[in-house]
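A.B. asks: Listed below, chain by chain, are the residues.
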Amino acid sequence: MTSVDLAMLATVVGSIVVFGGAAVLALGWAFRNGQFENFQQGSLSIFGPDEPVGEPTDAFPGMTEPDRRSETN
Amino acid sequence: MAEPAATPRLTDRDRSAAERAAIDASCRGPVLYFTTSAVVWLLIGSLLALVASIKLHSPYFLTGSPELTFGRVRMAHLQAVAMGWSSMATVAACLWLMCRLSRAELVYPKLLYLSGTLWNVGVLVAVLGILLGDAQSVEWLDAPRYAPPFFVAGLGIVAAWVMAVFRRRQEPHVYVTQWYILAAVFWFPWLYLTTVFMIFWSPATGVVQPIVNWWFGHNVLGLWFTPVAVGTAYYLIPKIIGRPIHSYYLSIMGFWALALFYSWAGMHHLIGGPIPAWLATASTVGSMMMFIPVIAVAINHHMTMRGHFRRLKYSPALRFTVFGAIAYTWVSFQGSIEALKDFNEVVHFTHYTVAHAHLGVYGFVAMIFFGLYYYMIPRLTGREWVSPLLIRVHFWCAAVGITLYFVSLSIGGWWQGRMLNNPNIPFGRIIDYLLPYLYARSIAGVLLTVGHLAFATLFVMNLFGWGRLRSGPTYFVEPEETTPTPTTERAERELIPVR
Numbered sequence: 001m002t003s004v005d006l007a008m009l010a011t012v013v014g015s016i017v018v019f020g021g022a023a024v025l026a027l028g029w030a031f032r033n034g035q036f037e038n039f040q041q042g043s044l045s046i047f048g049p050d051e052p053v054g055e056p057t058d059a060f061p062g063m064t065e066p067d068r069r070s071e072t073n
Numbered sequence: 001m002a003e004p005a006a007t008p009r010l011t012d013r014d015r016s017a018a019e020r021a022a023i024d025a026s027c028r029g030p031v032l033y034f035t036t037s038a039v040v041w042l043l044i045g046s047l048l049a050l051v052a053s054i055k056l057h058s059p060y061f062l063t064g065s066p067e068l069t070f071g072r073v074r075m076a077h078l079q080a081v082a083m084g085w086s087s088m089a090t091v092a093a094c095l096w097l098m099c100r101l102s103r104a105e106l107v108y109p110k111l112l113y114l115s116g117t118l119w120n121v122g123v124l125v126a127v128l129g130i131l132l133g134d135a136q137s138v139e140w141l142d143a144p145r146y147a148p149p150f151f152v153a154g155l156g157i158v159a160a161w162v163m164a165v166f167r168r169r170q171e172p173h174v175y176v177t178q179w180y181i182l183a184a185v186f187w188f189p190w191l192y193l194t195t196v197f198m199i200f201w202s203p204a205t206g207v208v209q210p211i212v213n214w215w216f217g218h219n220v221l222g223l224w225f226t227p228v229a230v231g232t233a234y235y236l237i238p239k240i241i242g243r244p245i246h247s248y249y250l251s252i253m254g255f256w257a258l259a260l261f262y263s264w265a266g267m268h269h270l271i272g273g274p275i276p277a278w279l280a281t282a283s284t285v286g287s288m289m290m291f292i293p294v295i296a297v298a299i300n301h302h303m304t305m306r307g308h309f310r311r312l313k314y315s316p317a318l319r320f321t322v323f324g325a326i327a328y329t330w331v332s333f334q335g336s337i338e339a340l341k342d343f344n345e346v347v348h349f350t351h352y353t354v355a356h357a358h359l360g361v362y363g364f365v366a367m368i369f370f371g372l373y374y375y376m377i378p379r380l381t382g383r384e385w386v387s388p389l390l391i392r393v394h395f396w397c398a399a400v401g402i403t404l405y406f407v408s409l410s411i412g413g414w415w416q417g418r419m420l421n422n423p424n425i426p427f428g429r430i431i432d433y434l435l436p437y438l439y440a441r442s443i444a445g446v447l448l449t450v451g452h453l454a455f456a457t458l459f460v461m462n463l464f465g466w467g468r469l470r471s472g473p474t475y476f477v478e479p480e481e482t483t484p485t486p487t488t489e490r491a492e493r494e495l496i497p498v499r
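Taken in sequence, the protein lines are chains A and B.
In this text, residue positions in the first sequence follow the numbering used here: the first is 1, and each later residue adds one.
In this text, residue positions in the second sequence follow the numbering used here: the first is 1, and each later residue adds one.
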């Protein structure tokens, strides 16, 4: 086995260990941290008091939007 | 009776808007630097693409100089649009979305200017080096040997800064878009470094090189552009229509399924090649398993949009993003089918594959990033887009252009493959048969370029302050014809400073 072969093997095995391990660690952290516990609450995290659920935030410039109230759920 | 002076008149709503505006302001400079660079490379890439496309049906076009031969121009186009436009737009998306979703301001933004400059120098030397004859004969890694260090250094800074913002997050929940971005800034440096190491710096021997080459070629889309573009859609669609994702559970499951299966899929590019049969078969299995995350994303995007499709008439960001999301479903299904050996035997080495690749990087990735620009830039510059007409020109040129490109090359490429597999058909006849499809490709290229010029015009005018001022820190537009919304009322009442 040449030094190049060894370098290749180290790269491949190292990648598997580092990145497989990273995925396992990330999953473990997410579970311990409660990231997968309340999915409904998680989906609301991008909204806030200024841009709440039910309020669209985009339109063509200068164009009248349809009645926002009729768009909400 | 006057209100007590100690009681601020800021409501929760205003406080939240002010926080969001401060976050946007913190990352404005670096994000605008990356987005501007991306637009410049998009225009250069479009020009190179047009030259390459015309040469396919008119081979005597621009034959006077070796710099403009088809092989060089096509490689330079790939580097300009992949490492220039798409990658720099990807970085901009990572930075802005991570700051917003973490509810954390960007720290030490000046180092990101260094990162952007390193990246620009990398793309510049890649494009010029290729045109001057220094290209490497490795698809997707055609850049000369002196270009990768610039990308590695630039990417390292970006990855570190994205992680730094995540570490400083104020929002405890990690939204699905953040999962995608974190994965992308973790995966791509590894993918790029490993590939450059195994092909250029310490070259592997034999068939390992093409294996590594196509592991990169496939995964640069799947582990870099795809996660960020899908994550962007997962942010933009719910935000624009004001409705949470249909099934958040499905979105998380889709992310982990992509993480598990996508990196297997690259070897289907080598079906029929001199690689171990099990490797190609494993890759085909991985490609089939990709149906899981793709269906999860497709269901989620469609069901989130259900009942809101008429918003596509109004929102440029939504229209581009939904187009990109539909293209993602289509191109992913198509990619899985292409990995089947019987199908691959026909379409491999034909224009069908070129059509598929462009549906992925343009119909899916670029369209979602156009949507991101239309949503993000006004929030960063404080100016609205100056011309709805130019936005429409951009959208229709892009949508019709990529559709024409995809349909013409898919049909032409399919029959090209069928004829190539028939030894009784002379090669010259296949070339003649393809000519109409190649002309259609050039027409599509002209349309796309016109769209890009409209887009660049809008972008530059916005940067130079030609659009009208936004009336609040976060809303997109408050039409003059409608009743004032809480934002404009609030701005008038409380004199919120206009940015």
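Simulated from the structure, these hints should not be mistaken for laboratory data.
This one's a predicted model, so the numbers in the text were calculated from it and none came from an experiment.
Honestly, I wouldn't trust all of these hints.
[Claimed, not checked] Simulated DEER-style distance windows between Cβ atoms:
id : chain 1 : residue 1 : chain 2 : residue 2 : range
1  : B       : Tyr249    : A       : Ser15     : 29 to 37 Å
2  : B       : Gly273    : A       : Gln41     : 46 to 54 Å
3  : A       : Trp29     : B       : Glu139    : 21 to 29 Å
4  : B       : Arg392    : A       : Val4      : 52 to 60 Å
5  : B       : Arg306    : A       : Thr2      : 32 to 40 Å
6  : A       : Trp29     : B       : Ser65     : 52 to 60 Å
7  : B       : Pro172    : A       : Ser15     : 27 to 35 Å
8  : B       : Tyr113    : A       : Thr2      : 27 to 35 Å
9  : A       : Glu37     : B       : Met163    : 38 to 46 Å
10 : B       : Val121    : A       : Thr2      : 46 to 54 Å
Each residue gets a CB set at the ideal place from its N, CA and C atoms; glycine is no exception.
A.B. asks: None of the hints should be skipped; say for each whether it holds.
C.D. replies: Status of the hints after comparison with the structure:
1. B/Tyr249 / A/Ser15: 29 to 37 Å: 30 Å, holds
2. B/Gly273 / A/Gln41: 46 to 54 Å: 49 Å, holds
3. A/Trp29 / B/Glu139: 21 to 29 Å: Roughly 37 Å apart at Cβ, these two residues miss the hinted range, so it is violated.
4. B/Arg392 / A/Val4: 52 to 60 Å: 56 Å, holds
5. B/Arg306 / A/Thr2: 32 to 40 Å: Violated - the Cβ-Cβ distance for B/Arg306 and A/Thr2, about 59 Å, lies outside 32 to 40 Å.
6. A/Trp29 / B/Ser65: 52 to 60 Å: At roughly 56 Å between Cβ atoms, B/Ser65 and A/Trp29 fall inside 52 to 60 Å, so the hint holds.
7. B/Pro172 / A/Ser15: 27 to 35 Å: The hint (27 to 35 Å, Cβ to Cβ) holds, given that B/Pro172 and A/Ser15 are roughly 32 Å apart.
8. B/Tyr113 / A/Thr2: 27 to 35 Å: 43 Å, violated
9. A/Glu37 / B/Met163: 38 to 46 Å: Between A/Glu37 and B/Met163, where Cβ atoms are some 24 Å apart, the hint is violated.
10. B/Val121 / A/Thr2: 46 to 54 Å: 35 Å, violated
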